[in-house]
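**Student:** Quick mapping for you: the protein sequence lines, in order, are chains A and B.
If you read the first sequence in full-length UniProt numbering, its first letter stands for residue 1, the second for the next number, and so on.
If you read the second sequence in full-length UniProt numbering, its first letter stands for residue 1, the second for the next number, and so on.
Keep in mind the hints are simulated off the structure, nothing from the lab.
Among the hints, a few may not be true.
Any copy, or any two copies together, can satisfy a pair, since identical chains are not distinguished.
Stated by the list, open to error - Straight-line C-alpha distance at most 35 Å; calculated DSBU-like pairs for lysine-lysine:
(1) K211 - K331
(2) K143 - K46
(3) K143 - K211
(4) K45 - K347
(5) K45 - K117
(6) K331 - K117
(7) K20 - K143
(8) K143 - K38
(9) K20 - K117
(10) K20 - K211
(11) K38 - K20
Protein chains: 2
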Amino acid sequence: MSDKKGSYRQERANLMAVAKYAGVSAMTVSRVLNQPGKVAEATRKKVQAAVDALGYVPNLAANTLRRERSGVIVALVPTLENSVFSDTVQGISNALEQEGCQLLLGCSSYSPEREEKLVRALLGHRPDGIILTGTLHTAETHKLLESARIPVVEMWDIAADHIDMAVGFDNFAAGHDIASHMISCGYESLGYVATSPEHEIHENRAAKRSKGIYAAVAEAGIGMPARQNVRNPLDIADSGVIAADFVVANPGLDAIICANEIIGVGAIAELQNRGWQIPDQIAVCGIGDANIAALVTPGLTTVQFYGQDIGKRAAELILDRLNGQQAAEGKQDVGFRIVSRASTAEKPS
Amino acid sequence: MSDKKGSYRQERANLMAVAKYAGVSAMTVSRVLNQPGKVAEATRKKVQAAVDALGYVPNLAANTLRRERSGVIVALVPTLENSVFSDTVQGISNALEQEGCQLLLGCSSYSPEREEKLVRALLGHRPDGIILTGTLHTAETHKLLESARIPVVEMWDIAADHIDMAVGFDNFAAGHDIASHMISCGYESLGYVATSPEHEIHENRAAKRSKGIYAAVAEAGIGMPARQNVRNPLDIADSGVIAADFVVANPGLDAIICANEIIGVGAIAELQNRGWQIPDQIAVCGIGDANIAALVTPGLTTVQFYGQDIGKRAAELILDRLNGQQAAEGKQDVGFRIVSRASTAEKPS
DNA sequence: ATGAAAGCGCTAACAG
DNA sequence: CTGTTAGCGCTTTCAT
Numbered sequence: 001m002s003d004k005k006g007s008y009r010q011e012r013a014n015l016m017a018v019a020k021y022a023g024v025s026a027m028t029v030s031r032v033l034n035q036p037g038k039v040a041e042a043t044r045k046k047v048q049a050a051v052d053a054l055g056y057v058p059n060l061a062a063n064t065l066r067r068e069r070s071g072v073i074v075a076l077v078p079t080l081e082n083s084v085f086s087d088t089v090q091g092i093s094n095a096l097e098q099e100g101c102q103l104l105l106g107c108s109s110y111s112p113e114r115e116e117k118l119v120r121a122l123l124g125h126r127p128d129g130i131i132l133t134g135t136l137h138t139a140e141t142h143k144l145l146e147s148a149r150i151p152v153v154e155m156w157d158i159a160a161d162h163i164d165m166a167v168g169f170d171n172f173a174a175g176h177d178i179a180s181h182m183i184s185c186g187y188e189s190l191g192y193v194a195t196s197p198e199h200e201i202h203e204n205r206a207a208k209r210s211k212g213i214y215a216a217v218a219e220a221g222i223g224m225p226a227r228q229n230v231r232n233p234l235d236i237a238d239s240g241v242i243a244a245d246f247v248v249a250n251p252g253l254d255a256i257i258c259a260n261e262i263i264g265v266g267a268i269a270e271l272q273n274r275g276w277q278i279p280d281q282i283a284v285c286g287i288g289d290a291n292i293a294a295l296v297t298p299g300l301t302t303v304q305f306y307g308q309d310i311g312k313r314a315a316e317l318i319l320d321r322l323n324g325q326q327a328a329e330g331k332q333d334v335g336f337r338i339v340s341r342a343s344t345a346e347k348p349s
Numbered sequence: 001m002s003d004k005k006g007s008y009r010q011e012r013a014n015l016m017a018v019a020k021y022a023g024v025s026a027m028t029v030s031r032v033l034n035q036p037g038k039v040a041e042a043t044r045k046k047v048q049a050a051v052d053a054l055g056y057v058p059n060l061a062a063n064t065l066r067r068e069r070s071g072v073i074v075a076l077v078p079t080l081e082n083s084v085f086s087d088t089v090q091g092i093s094n095a096l097e098q099e100g101c102q103l104l105l106g107c108s109s110y111s112p113e114r115e116e117k118l119v120r121a122l123l124g125h126r127p128d129g130i131i132l133t134g135t136l137h138t139a140e141t142h143k144l145l146e147s148a149r150i151p152v153v154e155m156w157d158i159a160a161d162h163i164d165m166a167v168g169f170d171n172f173a174a175g176h177d178i179a180s181h182m183i184s185c186g187y188e189s190l191g192y193v194a195t196s197p198e199h200e201i202h203e204n205r206a207a208k209r210s211k212g213i214y215a216a217v218a219e220a221g222i223g224m225p226a227r228q229n230v231r232n233p234l235d236i237a238d239s240g241v242i243a244a245d246f247v248v249a250n251p252g253l254d255a256i257i258c259a260n261e262i263i264g265v266g267a268i269a270e271l272q273n274r275g276w277q278i279p280d281q282i283a284v285c286g287i288g289d290a291n292i293a294a295l296v297t298p299g300l301t302t303v304q305f306y307g308q309d310i311g312k313r314a315a316e317l318i319l320d321r322l323n324g325q326q327a328a329e330g331k332q333d334v335g336f337r338i339v340s341r342a343s344t345a346e347k348p349s
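Please model the complete structure; the sequences and the hints are all you need to start from.
**Tutor:** The following block contains the structure:
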């Protein structure tokens with residue numbers, strides 16, 4: 001007759017079950033959970049006891065349906081294998097937790113098509129905001145985001161035009177400044193070990209950095225760098241061999257700029273294996289998107305990015321917007337930093 | 001009169017809107033989306049056109065409410081700053097994408113209390129499954145998981161008793177085997193640079209590895225290792241200094257075992273700074289939870305774990321269960337591997 | 001301070 | 001092959 005006291009295995013309790021157990025209406029239970037101040041102390045206690053007894057966990061799907069707010073924020077990154085992006089996600093996660101929001105995560109594998117698919121699927125959960133990586137999206141993605149009518153943040157690049165808000169830095173400047181740094185160190189016969197043109201099509205941040213490098217070289221009036229592409233820019237050993245072969249094949253070089261830290265670290269290791277002195281015979285620098293530059297010997301000179309900060313700010317931009325604080329700055333530049341380590345030196349001229 | 005053609009800015013369309021636009025019932029639209037085979041070709045095309053025209057994105061909150069299935073899997077990891085866990089999440093994400101499931105992610109910061117909070121909040125979204133890290137959970141977490149009635153996977157450790165399914169390896173054995181390896185290399189005056197007893201309380205996987213180390217030493221009948229704890233086991237520089245000080249303070253040591261790779265890498269760097277020859281004057285090994293052992297020179301001997309594989313299998317266990325394939329093995333041991341690098345050597349006795 | 005009714009968007013179950 | 005009805009669990013609105 002009475003399973004009121006839950007003597008046998010209860011089904012997942014809902015509001016109504018809690019209400020019955022406590023002898024009140026569903027609405028009262030809802031109030032206890034959401035606006036405890038509006039309920040009499042005695043009632044509140046009764047209801048709370050019922051909630052505890054039944055192990056009630058509110059169904060947020062129903063909640064989302066009724067209020068038009070899910071408490072969920074979507075974030076899309078290219079990959080988590082790259083530590084700057086996992087740092088970014090950690091930053092987002094931390095910031096969201098403060099506000100009791102949840103993180104729905106997707107990995108686009110550097111593919112705008114996959115990103116589009118993910119956006120479509122994830123938007124179905126009616127997130128309160130969405131954070132994307134980069135500025136390169138399909139036309140359909142743009143449409144989807146527009147009709148979603150939610151705050152959108154694009155991370156990791158500052159462009160002229162953004163869907164909504166943005167947090168990142170000037171990738172062109174990052175490439176430009178590391179090349180300038182090398183030039184000001186006295187290196188004048190530069191090689192560039194890049195990812196690949198195909199990769200740069202889908203990763204226009206890398207493309208912008210490349211352009212920055214070429215621009216700096218052009219400004220300095222030294223010869224354009226020889227360029228070598230690597231096959232798999234996330235494979236240290238493979239990239240290192242390609243970089244070292246490149247150095248061997250171009251005897252005039254005094255320094256190489258590597259498009260990322262994986263390549264840079266690989267190059268240092270492999271060049272040293274082959275007996276090259278770094279930086280005396282060949283200097284090496286990277287562009288920081290892996291946070292491993294400090295681990296090798298000699299340390300890799302690099303451009304340091306602030307992944308976790310980018311994530312934190314991206315989430316904050318969303319949250320501020322949701323809290324009605326129309327962000328003063330919808331576009332935030334977190335900058336970058338040239339970190340000079342022993343893989344480069346001031347070259348006596 | 002008619003905004004049928006969406007001449008002005010339409011509100012977010014729902015099933016009914018699509019149905020009206022296409023001149024069919026809501027149910028037919030639903031069928032086109034979910035069981036296209038059951039709808040006449042002509043109707044299907046009409047409806048599809050309406051879906052496209054209105055940019056309709058199904059509301060999954062309603063879906064979740066009605067069917068009792070959300071397509072969402074929850075994963076909880078301690079942190080993403082540690083690359084093994086970001087690899088794990090990547091593995092989960094990849095596996096889920098195959099099946100069109102979405103990933104709701106939380107970071108517990110190694111705190112069972114925070115984990116409990118997250119479990120409670122995330123369970124509200126009615127995930128179809130949940131993946132946790134480790135076997136250490138509050139009593140309340142256990143209750144919550146039990147009443148959720150969904151597949152549960154515990155990752156990164158294989159224990160005698162699991163909530164439901166598990167994928168990981170024997171942490172005791174990992175500690176035991178790396179210590180045995182060192183002993184078999186001929187080192188006999190070992191130091192142990194551990195995290196801290198407080199840390200091990202909440203990270204019982206580390207505690208198990210410690211026990212494994214002590215057990216191996218006891219078996220070998222050599223003296224118990226001197227132990228030094230580090231303050232912040234995720235800070236390379238800080239850990240390195242502490243490890244090096246420890247070596248200096250214990251002149252008899254011929255090798256140190258570091259509780260993780262961060263400490264190991266830091267120790268190598270700092271000891272070299274101070275002029276120590278590795279492994280001749282002091283050998284160093286780590287326990288792999290950061291995947292950075294190969295980057296330093298000399299390479300750090302370590303126990304390699306398979307983070308991405310663990311994540312992949314964890315997700316597959318969930319998915320298999322959801323697809324009704326009662327997994328043959330609810331407990332999967334993915335093992336680990338001792339990787340011997342130049343930070344240790346066969347010691348001539 | 002509390003309750004009753006209605007409906008958010010969708011699909012299972014049943015017509016036809 | 002297509003449509004109607006009802007209801008998933010919750011909160012908004014309006015009464016009391």
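**Student:** Hint by hint, note whether the structure agrees.
**Tutor:** Results for each hint:
1. In this assembly of identical chains, K211 and K331 lie within 35 Å of each other by CA distance solely inside one copy; the values are 22 Å within and 51 Å between copies.
2. Within a single copy, K143 and K46 get their C-alpha atoms only as close as 49 Å, which misses the 35 Å cut-off; across copies the closest is 21 Å, which meets it.
3. In this assembly of identical chains, K143 and K211 lie within 35 Å of each other by CA distance solely inside one copy; the values are 29 Å within and 56 Å between copies.
4. Taking the shortest Cα distances, K45 and K347 never come within 35 Å of each other, neither inside one copy (75 Å) nor across copies (69 Å).
5. In this homomeric assembly, K45 and K117 come within 35 Å of each other (Cα to Cα) only across copies, at 21 Å, whereas the closest approach inside a single copy is 47 Å.
6. In the homo-oligomer, the alpha carbons of K331 and K117 lie at most 35 Å apart both inside one protomer (26 Å) and across protomers (33 Å), since each shortest distance falls under that limit.
7. With identical chains, the CA atoms of K20 and K143 are at most 35 Å apart between copies only, with a shortest distance of 22 Å across copies and 46 Å within one.
8. Taking the shortest Cα distances, K143 and K38 sit within 35 Å of each other only across copies (30 Å), while inside one copy they are farther apart (42 Å).
9. Proximity of K20 to K117 under the C-alpha cut-off of 35 Å is restricted to the inter-copy arrangement: shortest distance 26 Å between copies versus 43 Å within a copy.
10. When the C-alpha separation of K20 and K211 is checked against a cutoff of 35 Å, the pair qualifies neither within a copy, at 67 Å, nor between copies, at 51 Å.
11. With identical chains, the CA atoms of K38 and K20 are at most 35 Å apart within one copy only, with a shortest distance of 20 Å there and 42 Å across copies.
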